[in-house]
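From first to last, the protein sequence lines are chains A and B.
According to my numbering, the first sequence is numbered sequentially starting from 1.
According to my numbering, the second sequence is numbered sequentially starting from 382.
For the record, the hints were derived by calculation from the structure and aren't laboratory data.
Keep in mind that a hint or two might mislead.
To be verified - Some chain B residues close to chain A (C-beta under 7 Å, calculated; not the full set):
no.: 1; residue: PHE389
no.: 2; residue: ALA827
no.: 3; residue: TYR829
no.: 4; residue: ILE839
no.: 5; residue: LEU841
no.: 6; residue: PHE845
Unchecked claim - Among the chain B residues that face chain A by a calculated CB cut under 10 Å, a handful are:
no.: 7; residue: PHE832
no.: 8; residue: LEU838
no.: 9; residue: PHE842
no.: 10; residue: GLY843
Yeah, the Cβ is synthetic: ideal placement off N, Cα and C, and Gly gets one too.
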Amino acid sequence: MISWPSRLLLAAAILAGQFGLIEAGLRLEGGSEATPAFQALFLQDPQTGYRLKPGAHTRYTTVEFSTEIAINAQGVRDDRDIGPKAPNERRIVILGDSLTMALQVSVDRTFSALLEQRLNAADPSHQWRVINAGVQGYGAVQEALFYRHVAAAFQPDLVLVASSVVNAPLEAGKQSWLDADGQPAADAGDRASTLARRIVRSSMVLQLVNLRYTEFKAHFQAPVKELPLATYLSDPPPVVDSGLSVAHNAMAAIASKAAADGAKFAILLMPTRFQTDDADFGRLAKTVREAGGTLERNAGTERFRRAYASLGVPMFDVLPALEAQPHREDLFFQQNVHFTERGHAVAADAIFGFLKTSGLMAEVAAGRPASPLADRHTNAR
Amino acid sequence: MVFNSLHFLAFFPIVYAIYRVLPHRAQNVFLVGASYYFYAAWDWRFLGLLIGSTIVDYSMARYIARTEEPRRRRMALIVSLVYNLGVLGFFKYFNFFEGSLAHVFGWFGWHVDVITLHVILPMGISFYTFMTISYVIDVYRREIEPTTNFLDFALFVCYFPHLVAGPVLRANLLLPQIKNPRVITREQIVEGLWLIGWGYFQKMYVADNLSRLIEPVFDPALSPTGIEVLVGVWAFAFQGYGDFAGYSNIARGVSKLMGIELNVNFLFPYLVVSPRDFWRHWHISLSTWLRDYLYFPLGGSRHGELKTERNLMMTMTLGGLWHGAGWPYILWGAYQGFTLVANRWVDMVAKRFRWSVPAGLNWQRILLGLFMFQVTCVGMLIFRAVSVPDAGRLAKIIFTDFRFASKTVESLIIPVALIVVPFLVVHVYQAWKGTELAPLGLPRPARYALFGAVFYLILLFGDFQGAQFIYFQF
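Make a model of the complete structure from these sequences and hints.
The following block contains the structure:
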């Protein structure tokens, strides 16, 4: 007869061994943002919370794509370093989130790279450089902080913010970041939580456990548990308005800094997949309906447009160009919500068209100082 | 409420804690209340139907038992059958027959204004209706004595572990356990916990993950390749089994914890070698119900080959209709009837030529088992397709578009294998030992390793979205 302590010891040893086996299996299989190799693309940063790690390199593989990811010495997704600006060089910095960073396609297929190709083809007299400054998981506040502390040094002539119109609620608590010009200093509780986060991030098994915990918590939250979807509800929770207000302040900060640096500024409104994919919208609308809400397909775009309108800066909505495409279900990947190569090409064409017709391209090419007048630049619907 | 919901996770420990401290009669009263709450958590409006069935069948059974006059006994039985089948027919089949009738009239160019009622199917109605029908018939046949305690009968009908998705229990199994004080043994607790864990594994790791993977294969708007349809159908066979056997195991496990034994509903049905064997191992409580209350009354196999075959076809087609109000279910039932008829033909030929499959594990049995699995999968394709023409479309794709793409391997074949293989390892061992409780007899390190693996696979890779059980609304 084995004693209880021995049984517990045996059970603990077996559980620990299985933990190790599953951890090893998951690392070997890869294919997830939870892999330590993927997580190694990021570093903690006191000013932006986190950012891309200069010089990091990995391959990101899922069932839908396999992409080489390289972070240059300046900490943006680019295979070229960013040195001093040549006299005839015109630089555009595109701030944004994962849709801009575009880990799902190779670096030369992102809308940033394709936009650069189109600009150089249209204006061979200048050397156009479009810098993809998108960072996975960023919202308006972190974009503003990243611009202020990192990307402003790239000496852009034009700053574009590719603003995903799903993220309003995620910005709600970040006004303090803007006020403190960085992530607010951590107290003892925060430090413990940072340590816990680091431990969790170091293990794929623990990340999955954490995911379960998050899902469990979500059962006790608002009827629509996916916060980004809240931006599209016909009757959005107050957190959406607070988030939009903070996002507005963040855009104002970027516009102000860009103007001070002599750069022009414009906002690109980036839609989410279900705004162009009918089947996806049908599924989500049903889910939201079952949770007691109503999903309005373009409410996110409209709310961000209204929130940014008072800034008086040029604004361009990418959605109509995507909506005009045949086979819209091919514009985004099916198992994640990011552009396919085709989606990037359509977005690049649309943004290029906007820069051209709005006169921003000509203004940047001419090197004229920034103009706050925006009305003629906006593709109002 | 379903077993894989947070609601149940809170409900059961509270119910169990209270149950354990109550004396026997109070336990029964408490379980009736808890079971009504369990049912009302889905939709309280249909509680009336459940209570209605309880009152009608309790009264009819008692009337039948105390009446000797055959005509009155028959009348009481008819009242019970008309009530039960009427309720079942209205709630389960009204929309189907109304729509089908309008469709048939449409073929002749006649427009009929059908009554538009969006009838909701009450949860578990098919299960508890069949239970009460069998109870009244058993009393009518004088096979059992009716209970004289209304509360005991109410608990027999509404006992929450079996209420929404079976098993379809017989009165002679459950009523004595309700009537007599229960003793909960250590073995029952250990077995119950294992069955609950294994049931959740079957549901959350096997069935729900497979469901997500194969959804695009059966989406009428998409065009899968032949190999995707084939793998999708195989995977659906395991999804269906994991879903339903998982529910049955959780029900059995929960019951064991309360000292009540429910019957085994699934006994390794994909490891059999004939359709007849399949129905002795798949949804056993339903197949024996159909046998005892439909096939035998129709004459069974007592009136010659042709009538036996007719009876099999009728029984299984009605069994298909029991599964759902839709043509794919009826066709599925007819197909099952046909396989049973074909089984008889093969038996006759085999008998004539003195063919037989040796007992034990041998290559003939393995090949026959694999063939039988494909026979089962044809039925699964019919069952899963959204319509009969769509089942035809998918079957055609298997034979006309058998393209092999590396994407299929990565996105379907490997994930399906990662889900099915761990399940099969345990399943085959259980089948070898003849019981799902077999892992409890493993040496301690192996047993702990199995418990750990089940725990990790559910926690890390299980589906926690609370997907409904397929049989939830049958």
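Hints and how they fare:
1. A least Cβ separation of about 13 Å between PHE389 of chain B and chain A goes past the 7 Å threshold, and the interface hint is therefore violated.
2. Hint status for ALA827 of chain B relative to chain A: violated, with the closest Cβ pair at about 10 Å, above 7 Å.
3. Interface restraint check for TYR829 of chain B: the shortest CB-CB distance to chain A comes to about 5 Å, inside 7 Å, so the restraint holds.
4. The criterion of a C-beta within 7 Å of any C-beta in chain A is not met by ILE839 of chain B, whose closest approach is roughly 10 Å, and the hint is violated.
5. For the restraint placing LEU841 of chain B at the interface with chain A, the shortest Cβ-Cβ distance is roughly 5 Å, inside the 7 Å limit, so the hint holds.
6. Hint status for PHE845 of chain B: holds, given a least beta-carbon distance of 6 Å to chain A, under 7 Å.
7. Checking PHE832 of chain B against chain A: minimum C-beta separation of about 8 Å stays under 10 Å; hint holds.
8. Taken as an interface hint, LEU838 of chain B checks out: its beta carbon lies about 9 Å from the nearest beta carbon of chain A, inside 10 Å.
9. About 8 Å separates the beta-carbon of PHE842 of chain B from the nearest beta-carbon of chain A, less than 10 Å, and the hint is met.
10. Of the supplied interface hints, the one on GLY843 of chain B holds, with its beta-carbon coming within about 9 Å of a beta-carbon of chain A, less than 10 Å.
Hint compliance for this structure: hints 1, 2 and 4 are not met, and every other hint is.
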